[in-house]
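Colleague: Taken in sequence, the protein lines are chains A and B. Counting in the UniProt record's numbering, the first sequence runs from 1 upward without gaps. Counting in the UniProt record's numbering, the second sequence runs from 1 upward without gaps.
Because the hints were derived from the structure by calculation, they are not lab data. There may be inaccurate statements among the hints.
If chains are identical, the list can't say which one is meant, so a pair holds when it fits in one copy or spans any two.
[Claimed, not checked] Derived pair list, reagent style DSBU-like, types lysine-lysine, alpha-carbon separation capped at 30 Å:
{"hint": "1", "residue 1": "Lys-195", "residue 2": "Lys-320"}
{"hint": "2", "residue 1": "Lys-119", "residue 2": "Lys-199"}
{"hint": "3", "residue 1": "Lys-438", "residue 2": "Lys-119"}
{"hint": "4", "residue 1": "Lys-119", "residue 2": "Lys-320"}
{"hint": "5", "residue 1": "Lys-278", "residue 2": "Lys-295"}
{"hint": "6", "residue 1": "Lys-55", "residue 2": "Lys-251"}
{"hint": "7", "residue 1": "Lys-38", "residue 2": "Lys-361"}
{"hint": "8", "residue 1": "Lys-320", "residue 2": "Lys-251"}
Protein chains: 2
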Amino acid sequence: MGALDEGHYCVVLENGVKLGDDGFEQEPETVAIEDAVKVLLQGLGEDVNREGLRKTPLRVAKALRYKQNVRDIVQGALFPEVGVENGTGHAGGAGGLVLVRDIDLFSYCESCLLPFQVKCHVGYIPSGQRVVGLSKLSRVADIFAKRLQDPQQLADDICFGLHHGINPTGVAVVLQCSHIHFPNLQSAFLESNHKRLSKITVGSGLGTFENHDSPNWLDFFGLLRCRDISLDNIRSRNSCKDSWCPSRSQKVGPSGNPDMETAVAAIVRSLGQDLCRKELVGTPNRFVKWLMNFKDAKLEMKLNGFATMPLKTVGLTNYKEHIRSEVNLSLWSLCEHHLLPFYGLVHIGYISGEEINPVGKSLLQSIVHFHGFKLQVQERLTRQIAETVSPLLGGDIMVVVEANHTCMISRGIEKFGSNTATIAVLGRFSNDPLARSKFLQMIPSYSL
Amino acid sequence: MGALDEGHYCVVLENGVKLGDDGFEQEPETVAIEDAVKVLLQGLGEDVNREGLRKTPLRVAKALRYKQNVRDIVQGALFPEVGVENGTGHAGGAGGLVLVRDIDLFSYCESCLLPFQVKCHVGYIPSGQRVVGLSKLSRVADIFAKRLQDPQQLADDICFGLHHGINPTGVAVVLQCSHIHFPNLQSAFLESNHKRLSKITVGSGLGTFENHDSPNWLDFFGLLRCRDISLDNIRSRNSCKDSWCPSRSQKVGPSGNPDMETAVAAIVRSLGQDLCRKELVGTPNRFVKWLMNFKDAKLEMKLNGFATMPLKTVGLTNYKEHIRSEVNLSLWSLCEHHLLPFYGLVHIGYISGEEINPVGKSLLQSIVHFHGFKLQVQERLTRQIAETVSPLLGGDIMVVVEANHTCMISRGIEKFGSNTATIAVLGRFSNDPLARSKFLQMIPSYSL
Numbered sequence: 001m002g003a004l005d006e007g008h009y010c011v012v013l014e015n016g017v018k019l020g021d022d023g024f025e026q027e028p029e030t031v032a033i034e035d036a037v038k039v040l041l042q043g044l045g046e047d048v049n050r051e052g053l054r055k056t057p058l059r060v061a062k063a064l065r066y067k068q069n070v071r072d073i074v075q076g077a078l079f080p081e082v083g084v085e086n087g088t089g090h091a092g093g094a095g096g097l098v099l100v101r102d103i104d105l106f107s108y109c110e111s112c113l114l115p116f117q118v119k120c121h122v123g124y125i126p127s128g129q130r131v132v133g134l135s136k137l138s139r140v141a142d143i144f145a146k147r148l149q150d151p152q153q154l155a156d157d158i159c160f161g162l163h164h165g166i167n168p169t170g171v172a173v174v175l176q177c178s179h180i181h182f183p184n185l186q187s188a189f190l191e192s193n194h195k196r197l198s199k200i201t202v203g204s205g206l207g208t209f210e211n212h213d214s215p216n217w218l219d220f221f222g223l224l225r226c227r228d229i230s231l232d233n234i235r236s237r238n239s240c241k242d243s244w245c246p247s248r249s250q251k252v253g254p255s256g257n258p259d260m261e262t263a264v265a266a267i268v269r270s271l272g273q274d275l276c277r278k279e280l281v282g283t284p285n286r287f288v289k290w291l292m293n294f295k296d297a298k299l300e301m302k303l304n305g306f307a308t309m310p311l312k313t314v315g316l317t318n319y320k321e322h323i324r325s326e327v328n329l330s331l332w333s334l335c336e337h338h339l340l341p342f343y344g345l346v347h348i349g350y351i352s353g354e355e356i357n358p359v360g361k362s363l364l365q366s367i368v369h370f371h372g373f374k375l376q377v378q379e380r381l382t383r384q385i386a387e388t389v390s391p392l393l394g395g396d397i398m399v400v401v402e403a404n405h406t407c408m409i410s411r412g413i414e415k416f417g418s419n420t421a422t423i424a425v426l427g428r429f430s431n432d433p434l435a436r437s438k439f440l441q442m443i444p445s446y447s448l
Numbered sequence: 001m002g003a004l005d006e007g008h009y010c011v012v013l014e015n016g017v018k019l020g021d022d023g024f025e026q027e028p029e030t031v032a033i034e035d036a037v038k039v040l041l042q043g044l045g046e047d048v049n050r051e052g053l054r055k056t057p058l059r060v061a062k063a064l065r066y067k068q069n070v071r072d073i074v075q076g077a078l079f080p081e082v083g084v085e086n087g088t089g090h091a092g093g094a095g096g097l098v099l100v101r102d103i104d105l106f107s108y109c110e111s112c113l114l115p116f117q118v119k120c121h122v123g124y125i126p127s128g129q130r131v132v133g134l135s136k137l138s139r140v141a142d143i144f145a146k147r148l149q150d151p152q153q154l155a156d157d158i159c160f161g162l163h164h165g166i167n168p169t170g171v172a173v174v175l176q177c178s179h180i181h182f183p184n185l186q187s188a189f190l191e192s193n194h195k196r197l198s199k200i201t202v203g204s205g206l207g208t209f210e211n212h213d214s215p216n217w218l219d220f221f222g223l224l225r226c227r228d229i230s231l232d233n234i235r236s237r238n239s240c241k242d243s244w245c246p247s248r249s250q251k252v253g254p255s256g257n258p259d260m261e262t263a264v265a266a267i268v269r270s271l272g273q274d275l276c277r278k279e280l281v282g283t284p285n286r287f288v289k290w291l292m293n294f295k296d297a298k299l300e301m302k303l304n305g306f307a308t309m310p311l312k313t314v315g316l317t318n319y320k321e322h323i324r325s326e327v328n329l330s331l332w333s334l335c336e337h338h339l340l341p342f343y344g345l346v347h348i349g350y351i352s353g354e355e356i357n358p359v360g361k362s363l364l365q366s367i368v369h370f371h372g373f374k375l376q377v378q379e380r381l382t383r384q385i386a387e388t389v390s391p392l393l394g395g396d397i398m399v400v401v402e403a404n405h406t407c408m409i410s411r412g413i414e415k416f417g418s419n420t421a422t423i424a425v426l427g428r429f430s431n432d433p434l435a436r437s438k439f440l441q442m443i444p445s446y447s448l
């Protein structure tokens, strides 16, 4: 596979090498990241030469090393525009805010290395008889997002980059950020309503937006009406780092995998980051602890213990076969092609005259976690769940998995609204389309 | 500006040249498209050396010549997956549908060359012990979308491309398409509720989806529940070409600009298209007719005639100054950087003791059209509207323009949900943030 297959990027790295050139794969930083990812895969008990995993290290390196130069982007797209002056009171002058709203971005959390999603609103007040091409506001935001960040730093970086690139009267950025909130292996089995996302809103301003009391902010928020944002619910600069990343609230301690921590540290260094920076000190440890949730071996053992439990409550007086369902079981998993989370809901249909008992319902959720908490692809996961529940539920099984894939958002194609549904069927569902259709109608509409 | 500034693509053209390479700009097809775009700009009465327009021909060429090879994309991403067989009745086998939903795409209408937006749902049933990387379904759809298309042909192309790339048991595609429905210059002034979008839903299937009665379609639509799609509302294969593109319902006849039509024909030929294909025969004529709506000269004259009309109804007994507003005026315009439409709503605030009269309201809408129907940037448009209405409405003016830019969707950054708001202020609004805030609260939430 050529370098182009993985993404349609062709970007200039800071050292001038183009991603997409064959040279990229030989760069020492690329090789260092690939080597480190191999250590992590081995630490998870995986075979790095298995076909699904063979290119995973290169995919990770490509995604992480995306960089571009702000000045090159902005300088080529400053257009002269008469009537745009520094003075107030002129149409298009100060007060003449230009705001691009609802730009979808993603970034990488510097505390745990997981991607987080961003709804970005970026605006500026032109000056010096120049406006900048609208798409460039989004491009500059994107450059800073594709680094290890925390939300406030990201907002500050975008703001600073645009301020120095465009030299406007003022520039302002508001980011609505959502960080995936994975349960750890233990709590996944205990909490049925685990919160999926950690959210905060941050802002940053320079020039006429530097002061939070500036009337320009009133205009900015006025144009963001109906988005549930105001000066009041913007996180203050000092409080946000501590509470934002869910991994920060987990208990501190060694991961027990020093080799994997060393490998992650090598990745972070290959990105040009200083591991002594206080925000990064515990990052390799936190990432490895999170990753080890997906180690395969220990789960299979637990699963064997459940396989003989009675799942159903026999003895309804009116014994009659129906299509029955357990819907909205939580799913957390890790895409083996990209080492990125996918998460969503699992729905299980079966044909039986008996109701499932409460222990049975909890067992089905456990089975989903058993198959979810490892390196997976959604197609295999769906099949494995069907095959595991089949002997417990009578052999007529339909499993539907609906999931959001972080790799569909943060790698290459960046299709933010997309999600994936898969079906596996066994027994009578295989040959009865109306039974399948009836079960599909039992599934609530998908939203996370 | 280097080739990289315009887009983060690096894609291989069908002749093997990479977009993003310096060589691209010297390709004869690129030069032919650039020359043709210059003829169009001159036909619109524009100076092709004006800074805002200087790179427009190259931008158009880059966007139109995007191409990539399906086989290269898919072949590198077929992963072995045990349990995926041709036979029915196996989990992950036939019935084991994999469906990626809600992929945002855009394509170009072969009848009029304008971009249309697509919500794409693409699925397949794996076979031969192989699954394809999920992102590849989206990538293949994207390749065929970035050509001159009609919706049914696009669905058929994606389906055929995946069928031959993956060799699955079956493959199916459903596309929900929206085509911008520009009013022509005359009707813009007459119709206040012009329909903004022309919509259709199309589908295509091969293998086990080839027959419309196939039970596999039941599964497919079952997984698209709550999206208002069913077999019944999918347009039949023969009816769709005639009624889909709004330009097809306009009257046939010469555009009066043979040089511009020849230039557009050259663009279509440079894309490797056969102009004798019946769908393309009238395309240059339709595009030129549409484009000439934006010729600048004739509009300025009309505007002068209105400038002295009385706008307001004097004589309220309780004469008191208020912030008053005219909101949701329709906007249609053409981005001069990309030759692509932008469209949305204009809101005008003013401070006065008098109500505006019905003729005045209609005049404001006309002023918006006067400034909209030409090559524009949103910032300038906002300022021009403010300056034009200022003498008519007493000098205290705030104009807010909210617009969707086709170039933000179909060029480079592809930020589908984004939209842009601009403000221009004159008179007392310049120094009174609370007046601005009050007017902003009068504007309904933006949705098109």
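Colleague: Evaluate each hint against the coordinates.
Modeller: Here is what the structure says about each hint:
1. In this homomeric assembly, Lys-195 and Lys-320 never come within 30 Å of each other (Cα to Cα): the closest approach is 38 Å inside a single copy and 53 Å across copies.
2. Both within a single protomer and between protomers do Lys-119 and Lys-199 lie at most 30 Å apart by alpha-carbon distance, with minima of 11 Å and 27 Å respectively.
3. When the C-alpha separation of Lys-438 and Lys-119 is checked against a cutoff of 30 Å, the pair qualifies only between copies, where the shortest distance is 26 Å, while the shortest distance within a copy is 37 Å.
4. For the homomeric pair Lys-119 and Lys-320, neither the shortest alpha-carbon distance inside one copy (50 Å) nor that between copies (42 Å) is at most 30 Å.
5. Taking the shortest Cα distances, Lys-278 and Lys-295 sit within 30 Å of each other inside one copy (29 Å), while across copies they are farther apart (59 Å).
6. Proximity of Lys-55 to Lys-251 under the C-alpha cut-off of 30 Å is found in neither arrangement, the shortest distances being 33 Å within a copy and 56 Å between copies.
7. When the C-alpha separation of Lys-38 and Lys-361 is checked against a cutoff of 30 Å, the pair qualifies neither within a copy, at 37 Å, nor between copies, at 67 Å.
8. Proximity of Lys-320 and Lys-251 under a CA criterion of 30 Å is satisfied in neither setting, with 51 Å inside one chain copy and 65 Å between copies.
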